[in-house]
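Undergrad: Protein chains in written order, with this note's numbering: chain A, 1 to 121; chain B, 1001 to 1121; chain C, 2001 to 2121; chain D, 3001 to 3121.
Just to be clear, a hint being listed does not mean it is correct.
[Stated by the list, open to error] 27 Å max Cα-Cα, derived DSS-like pairs, lysine-lysine:
#: 1; chain 1: D; residue 1: 3059; chain 2: C; residue 2: 2103
#: 2; chain 1: D; residue 1: 3114; chain 2: D; residue 2: 3103
#: 3; chain 1: A; residue 1: 67; chain 2: A; residue 2: 6
#: 4; chain 1: B; residue 1: 1114; chain 2: D; residue 2: 3103
#: 5; chain 1: C; residue 1: 2006; chain 2: A; residue 2: 67
#: 6; chain 1: C; residue 1: 2067; chain 2: A; residue 2: 107
#: 7; chain 1: B; residue 1: 1107; chain 2: D; residue 2: 3100
#: 8; chain 1: C; residue 1: 2100; chain 2: D; residue 2: 3059
#: 9; chain 1: C; residue 1: 2114; chain 2: C; residue 2: 2103
#: 10; chain 1: B; residue 1: 1067; chain 2: A; residue 2: 107
#: 11; chain 1: A; residue 1: 6; chain 2: A; residue 2: 100
#: 12; chain 1: D; residue 1: 3114; chain 2: D; residue 2: 3059
#: 13; chain 1: D; residue 1: 3006; chain 2: D; residue 2: 3059
#: 14; chain 1: D; residue 1: 3006; chain 2: D; residue 2: 3100
#: 15; chain 1: B; residue 1: 1067; chain 2: D; residue 2: 3059
#: 16; chain 1: D; residue 1: 3006; chain 2: D; residue 2: 3067
#: 17; chain 1: B; residue 1: 1103; chain 2: B; residue 2: 1114
#: 18; chain 1: A; residue 1: 114; chain 2: A; residue 2: 100
#: 19; chain 1: B; residue 1: 1059; chain 2: D; residue 2: 3100
#: 20; chain 1: B; residue 1: 1100; chain 2: B; residue 2: 1006
#: 21; chain 1: B; residue 1: 1100; chain 2: A; residue 2: 67
#: 22; chain 1: C; residue 1: 2006; chain 2: D; residue 2: 3114
#: 23; chain 1: D; residue 1: 3067; chain 2: C; residue 2: 2100
#: 24; chain 1: D; residue 1: 3100; chain 2: C; residue 2: 2059
#: 25; chain 1: D; residue 1: 3107; chain 2: C; residue 2: 2067
#: 26; chain 1: C; residue 1: 2059; chain 2: A; residue 2: 59
#: 27; chain 1: C; residue 1: 2059; chain 2: C; residue 2: 2114
Hints were generated in silico from the structure; no laboratory data involved.
As the structure is a computational prediction, the values presented were derived from the model and not from experiment.
These are the residues of each chain, in order.
4 protein chains.
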Amino acid sequence: MSWTDKETPVSELKERVAAFARERDWEQFHTLKNLSVALAGEAAELMEPFQWLEGDRCKALLQDSAKREAIEDELADVVIYALQFANRGGIDLALAIDRKMAKNALKYPVDLAKGSAEKRG
Amino acid sequence: MSWTDKETPVSELKERVAAFARERDWEQFHTLKNLSVALAGEAAELMEPFQWLEGDRCKALLQDSAKREAIEDELADVVIYALQFANRGGIDLALAIDRKMAKNALKYPVDLAKGSAEKRG
Amino acid sequence: MSWTDKETPVSELKERVAAFARERDWEQFHTLKNLSVALAGEAAELMEPFQWLEGDRCKALLQDSAKREAIEDELADVVIYALQFANRGGIDLALAIDRKMAKNALKYPVDLAKGSAEKRG
Amino acid sequence: MSWTDKETPVSELKERVAAFARERDWEQFHTLKNLSVALAGEAAELMEPFQWLEGDRCKALLQDSAKREAIEDELADVVIYALQFANRGGIDLALAIDRKMAKNALKYPVDLAKGSAEKRG
């Protein structure tokens, strides 16, 4: 089976992450609290390479293949924990995203929000 | 079209998130740096309801339907920013997860990692 | 007694924070884990007003007195949790900072580190 | 001069942190935005050793002197960035803490807040 965004439904990713934890008997550690803490830790690592850089130099990081791989790994870690959080909470992620984006669309109507950096969720 | 984890490939979610930002002309704010900061902010909000609670009471939160919806919304926000980060960085998320999980499998072989809370990625 | 950075030793701040928690019988919730999570949550709130802004507009935020007060409050929250973490862990914060800065000075000698945005602690 | 919480006013710590950055010509990177991101990164590192542990085992970490030193270093890093944020923003930290704690006292009166884990700032 091939893993690409085009061919992989979210449920496949969820199942793979669940199996990985199950095989290692890690579910005992995977409370929602602990997973949210681990996810936040990975999110902080994703920020780290950018923290002292301005816009242009941020983009340049992705041109360097070793740095790109490190950044892709951090992003993967974030999403892996999000998937396992969904697994452990019995959450359908696509459904949750669908509902949240509908709320966001009401909160930020195109004509008012256009081009504005005002606080948004 | 129906949005569920079973039926939705990652690419559909990515495209929806990209379209939302494009329609609002928000791409100018969506540098990788800014998106990583926003993602970390949402990750912190996901932790927040759990921060003073121990294991049992964490689980109970999801029984309360208003709290469940709030938590699902926070998780959705985290993943929305992860998807947009992938969009802006030209990252195939399923591929990145596939590669990262292969690395994790080497780092935490089942027989050694089983049941241990030792540091893991 | 007056509270200003010039006149207030760290120990006074620590004691005030400890007393606040003690009076409310909150020490039961103040494990090191929970305090580190709460601190990270406040740190995320401190980032939030800056997340979509570039350099110049960041500075302008502090000119607006309501926004300045909100930002000062978030910074205070971060430090309050750091002080309570020190209280609960029996950590002398000034001593810890003294030791860490000595390590940093070895890691980033002036002549090599000058003007460079390379990764630093 | 001796550095301990009892003898060190906040202003001394601030000045030391400011001098360190000034000597390395790092002020150019120390925008409020970048410092808030760096602070959040250090806060995440402070959480990390606790993320999979429950209460008792969290406390045990501080008995191990190498782990204690690592945790004290992370706490120091958090506070160092908070002090530099205060420096760059022209914020009197003790004053900000004094004001924030007065607000907290109004928000969480002793008789109502006692022993309750309900959301608090």
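Undergrad: Each of the hints needs a verdict: does it hold here or not?
TA: Results for each hint:
Between residue 3059 of chain D and residue 2103 of chain C the alpha-carbon distance is near 25 Å, which keeps this suggested pair within the 27 Å criterion. Among the hinted pairs, residue 3114 of chain D with residue 3103 of chain D is consistent with the structure: their alpha-carbon atoms are about 17 Å apart, no more than 27 Å. About 25 Å separates the Cα atoms of residue 67 of chain A and residue 6 of chain A, which keeps this hinted pair within 27 Å; it holds. A threshold of 27 Å between alpha carbons decides the hint, and for residue 1114 of chain B with residue 3103 of chain D the separation of about 48 Å lies outside it, so the pair is violated.
Restraint check for residue 2006 of chain C and residue 67 of chain A: not satisfied, since their Cα atoms lie roughly 44 Å apart, outside the 27 Å limit. Only pairs whose Cα atoms come within 27 Å are accepted, and residue 2067 of chain C paired with residue 107 of chain A is accepted, the gap being roughly 22 Å. A threshold of 27 Å between alpha carbons decides the hint, and for residue 1107 of chain B with residue 3100 of chain D the separation of about 45 Å lies outside it, so the pair is violated. For a cut-off of 27 Å, the pair hint linking residue 2100 of chain C to residue 3059 of chain D stands: about 22 Å separates their Cα positions.
Taken as a hint, the residue 2114 of chain C and residue 2103 of chain C pair is honoured in the structure, with Cα atoms around 17 Å apart against an allowance of 27 Å. Restraint check for residue 1067 of chain B and residue 107 of chain A: satisfied, since their Cα atoms lie roughly 20 Å apart, inside the 27 Å limit. For the suggested pair residue 6 of chain A and residue 100 of chain A, the alpha carbons sit about 22 Å apart, so the restraint of at most 27 Å is met. Restraint check for residue 3114 of chain D and residue 3059 of chain D: the C-alpha separation of about 24 Å stays at or below 27 Å, so the hint holds.
Taking the CA atoms of residue 3006 of chain D and residue 3059 of chain D, the gap is about 25 Å. The hint holds against a cut of 27 Å. For the proposed pair residue 3006 of chain D and residue 3100 of chain D, the alpha carbon gap of about 22 Å is at most 27 Å, so the pair holds. Between the alpha carbons of residue 1067 of chain B and residue 3059 of chain D the distance comes to roughly 30 Å, so the proposed pair goes past 27 Å and is violated. Only pairs whose Cα atoms come within 27 Å are accepted, and residue 3006 of chain D paired with residue 3067 of chain D is accepted, the gap being roughly 25 Å.
At most 27 Å may separate the alpha-carbon atoms for a hinted pair to count; residue 1103 of chain B and residue 1114 of chain B meet this at roughly 17 Å. Between residue 114 of chain A and residue 100 of chain A, the direct Cα distance comes to roughly 19 Å. Compliance with the 27 Å bound is thereby established for this hinted pair. A threshold of 27 Å between alpha carbons decides the hint, and for residue 1059 of chain B with residue 3100 of chain D the separation of about 32 Å lies outside it, so the pair is violated. Between residue 1100 of chain B and residue 1006 of chain B, the direct Cα distance comes to roughly 22 Å. Compliance with the 27 Å bound is thereby established for this hinted pair.
The suggested pairing of residue 1100 of chain B with residue 67 of chain A holds, with an alpha-carbon distance near 14 Å, which does not exceed 27 Å. For the proposed pair residue 2006 of chain C and residue 3114 of chain D, the alpha carbon gap of about 33 Å is over 27 Å, so the pair is violated. Distance hint between residue 3067 of chain D and residue 2100 of chain C is fulfilled; the C-alpha atoms sit about 14 Å from each other, no more than 27 Å. Only pairs whose Cα atoms come within 27 Å are accepted, and residue 3100 of chain D paired with residue 2059 of chain C is accepted, the gap being roughly 22 Å.
Straight-line distance between C-alpha atoms of residue 3107 of chain D and residue 2067 of chain C comes to about 20 Å, which keeps the hinted pair within the 27 Å bound. For the proposed pair residue 2059 of chain C and residue 59 of chain A, the alpha carbon gap of about 24 Å is at most 27 Å, so the pair holds. In summary, the hint linking residue 2059 of chain C to residue 2114 of chain C is supported, as the alpha carbons are separated by about 24 Å, within the 27 Å threshold.
Hint compliance for this structure: hints 4, 5, 7, 15, 19, 22 are broken, all remaining hints hold.
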